[in-house]
Amino acid sequence: MERQEQLVNNIFGPVWENLIKALMIFLMIAISACGYSSKEGHPAKKPGRVPVRFFRATDPGFSKNQDTVFYNARPFSGLVYDNYPNRDTAFILSYLNGLQEGITRKWYPSKQLMEERLYINGRKEGVHKGWWPDGKPKFFFEVSDDEYTGLFKEWYKTGQIAKIFHYKNGQEQGSEKMWWQDGKIRANYVIINGEKFGLSGQKLCINKNLKQEIK
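In the working numbering, the protein residues as written are 1 to 215.
Where hints are given, some of them may not hold.
Stated by the list, open to error - Straight-line C-alpha distance at most 25 Å; calculated DMTMM-like pairs for lysine to aspartate or glutamate: (1) Lys168 to Asp88; (2) Lys163 to Asp145; (3) Lys45 to Asp145; (4) Lys157 to Asp67; (5) Lys106 to Asp67; (6) Lys129 to Asp145; (7) Lys64 to Glu116; (8) Lys136 to Glu154; (9) Lys157 to Glu116; (10) Lys46 to Glu115; (11) Lys168 to Glu195; (12) Lys153 to Asp182.
No lab work stands behind these hints, which were simulated from the structure alone.
Go ahead and model the full structure; you've got the sequences and the hints to work with.
Laid out in structure tokens, this is it:
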């Protein structure tokens, strides 16, 4: 046990506390019997158990084919991290059998949390959140099996709300609103069965592949 603790300290230096906090959150999710259940009635899901072993992203043993990550030619299971030049944690990603699984966290160089996401079998799941460098919210959305489902919100850097949308099975559904940076309304419409009613400031979009819209 002492040897493991010393190894963590040697790798992460002054940022080991951030790492341990992230690891504790990961373990709580992995052990918990409760899964994510969306408001759209999708069955509850929970991530698989990722082995607690750390590898730096720059390790030459890593390779990638499409969405699958390999280590020494085998699908990778474990935690991948990297640090900024001052050794503060930049990100921690978790993988199971080569695909992202569990909580992903990224930080700005200032140590401010940049984003927090959940993946199951390589696909986005649950609630995803993002923040601007000063800590103001940047985005919030609910997703199931890589499709928007439920609430979607975006903010400008100033803190002004930019968008409040609602989705069902990857499609816009219900009340949708957008604002300009000065707070004036940009769009205000309702989607009912694929038809749009109201003030439109953009074309109707159906986004099923999140990786093309929010990375």
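May I ask which of the numbered hints given earlier this structure violates, with the numbers listed in increasing order? Numbers 1, 4, in rising order.
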